[in-house]
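*Asks:* Using the hints provided, position chain V relative to the given structure of chain H.
Sequence lines, in order, name chains H and V.
First residue of the first sequence? That's 1 in this note's numbering, and the numbers climb one at a time after it.
First residue of the second sequence? That's 1 in this note's numbering, and the numbers climb one at a time after it.
None of these hints come from the bench; they were simulated from the model.
Every residue gets a Cβ at the ideal spot worked out from N, C-alpha and C, and that includes glycine.
Do not rely on the hints blindly, as some may be mistaken.
Unchecked claim - Residues from chain V shown here face chain H by an in silico Cβ test under 10 Å; the list is partial:
| hint | residue |
| --- | --- |
| 1 | 6 |
| 2 | 9 |
| 3 | 13 |
| 4 | 34 |
| 5 | 41 |
| 6 | 43 |
| 7 | 48 |
| 8 | 53 |
| 9 | 92 |
Stated by the list, open to error - Looking from chain V toward chain H, a few residues come up when the C-beta cut is under 7 Å (computed):
| hint | residue |
| --- | --- |
| 10 | 5 |
| 11 | 35 |
| 12 | 42 |
| 13 | 59 |
| 14 | 84 |
| 15 | 86 |
Below are the chains, spelled out letter by letter.
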Amino acid sequence: MSKVRVLVGTRKGAFILESDGKREKWSVNGPHFAGWEMYHLKGSPADPNRIYASQSSGWFGQQVQRSDDGAKTWTPVDNKFAYEGVAGTHQWYDGTPHPWEFKRVWHFEPSLTDPDTVYAGIEDAAIFKTTDGGKSWKELPGLRGHGSGPRWQPGAGGMCLHTIVIDPSNQNRIYLAISAAGAFRSDDAGATWKPINKGLHSQYIPEPTAEVGHCVHRIALHPSRPNTLFMQKHWDVMRTDDGGENWTEVSGNLPTDFGFVIDVHAHEPETVYVVPIKSDSEHYPPEGKLRVYRSRSGGNEWEPLSKGLPQENCYVDILREAMAVDKLDKCGVYFGTTGGQVYASSDSGDTWNAIVHDLPAVLSVEVQTLA
Amino acid sequence: MLPAHLRTLARSGSEVQVNVDGVVTIRSILDAVENDYPVLRGAIRDHGTLQRRAFVRFFACEQDLSHDSVDAPLPEPVANGREPFLVIGAIAGGM
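Pulled out of the complex, with its shape left as it was, chain H reads as follows (with noise of 0.2 Å):
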């Protein structure tokens, strides 16, 4: 029978949450480095087993966790993440010019085919590659290199690249996307990027309709429409249907289009996920009530989903890489809060359970479908 694993990153350790295929009962295993802030954790689609974590702190910098044995056993990896050539600057709040430095990595994205090659997207934003399991990390520098970096400025909470999408049909072409630069694509496997923001309109920034500058909160891509993008932008949910060279707005009737998660349905390609959030001054769900949000017509169109969740008093964000689906029959759809809660639905959002209700603050979760 299925398995599901679900790897939950938080400011405070790792949790292993693990489950058969009917999703009932569930497992708890952590925490995994507590009292490190785990931003990402993620499982290689070539082999379930090896799974990358990202351990950071304050204190004591960046750390790269590996396991080959599915979160048993973690080894330490390179944990060294030096820009290629002069770093050079990008805009500081102030619109001043400052230095690019290295703080943390956000995001990993193993490759499809191969377990030992991973891209990593860090802040101050850039995007690494290992290709020998992380016993180096080397940066692709045409993304900084395009020659609009030293115009992106960090957003609030940092100038990070947190979204990393690889085309399954083409693996040469990547996309990702950058608080609060924009998205990019490439299509020569990371060695040369374009903005990819034509259709974005963002109020907050001078020219709204700016080249790069765009708060991107989140991209996802259904494997069997790799043209078709969803995005969560800081205000509005968009999308794309060719590879990103025009964006619409697909808000519709939204409570609120401020946000941080998308996903898209492991079966139905224009099925979407969104968590509205009331504001960017205010990051919780719109009248205490949180609800997930979904779209059966890629957008315009969405529905409530309540049952199970809170529908008062609730007061939690949900932040942009805490959610994920499973790809069992019946999808399984997951996210986390910084409330502590990780939530789950085996029936494609209808009904929602807490698998645990008081975890350190959720940062991140993703889902393993293992055999």
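*Replies:* The following block gives chain V in isolation, referenced to the frame of chain H:
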């Protein structure tokens, strides 16, 4: 002496012993520690600049040596192993 998080990383006890050739300084102690425990590279001082991380402090003989030159000879009791050199996580709040 290492703080708790670094002990966990190094899989060591609270006190690690290192041999230092030549003059015993902050730099030579940290070089030796990182040589014996490579996982600590980047955790006490920056990989590139080798500057002390902002929230790490160095104490010995009841003195805060954090702002001293990393090449200054350390007090004789530290050099001969009678007193420990302490790597401390600064008392800082945060989340």
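*Asks:* Hint by hint, say whether it matches the structure.
*Replies:* Verification of the supplied hints:
A least Cβ separation of about 6 Å between residue 6 (chain V) and chain H falls short of the 10 Å threshold, and the interface hint therefore holds. The interface hint given for residue 9 (chain V) is met, as the beta carbon of that residue sits about 7 Å from the closest beta carbon of chain H, less than 10 Å. Taking 10 Å as the C-beta cut-off, the interface hint given for residue 13 (chain V) is violated, the closest approach to chain H being about 18 Å. Contact between residue 34 (chain V) and chain H, as hinted, is not supported at the beta carbon level, the nearest pair being about 12 Å apart and thus beyond 10 Å.
Taking 10 Å as the C-beta cut-off, the interface hint given for residue 41 (chain V) holds, the closest approach to chain H being about 7 Å. The beta carbon of residue 43 (chain V) comes within 4 Å of a beta carbon in chain H, closer than 10 Å, and the hint placing it at the interface holds. A cut of 10 Å between beta carbons decides the hint on residue 48 (chain V): the least distance to chain H is about 6 Å, and the hint holds. Given hint, residue 53 (chain V) at the interface with chain H, holds; its Cβ is 6 Å from that chain's nearest Cβ, closer than 10 Å.
At a threshold of 10 Å, the smallest CB-CB gap from residue 92 (chain V) to chain H is about 7 Å, leaving the interface hint in force. Interface hint at residue 5 (chain V): satisfied, since its Cβ lies 6 Å from the closest Cβ of chain H, which is below the 7 Å cut-off. The interface hint given for residue 35 (chain V) is violated, since its Cβ lies 16 Å from the closest Cβ of chain H, which is over the 7 Å cut-off. The beta carbon of residue 42 (chain V) is positioned within 7 Å of a beta carbon in chain H (closest approach about 5 Å), and the interface hint is therefore held.
Of the supplied interface hints, the one on residue 59 (chain V) is violated, with its beta-carbon coming no nearer than about 15 Å to a beta-carbon of chain H, more than 7 Å. For residue 84 (chain V), the interface hint is violated, the least distance from its beta-carbon to any beta-carbon of chain H being 19 Å, above 7 Å. Evaluation of the residue 86 (chain V) hint against chain H yields a violated restraint, the C-beta minimum of about 14 Å exceeding 7 Å.
Consistency with the previously given hints fails for numbers 3, 4, 11, 13, 14, 15, ordered from lowest to highest.
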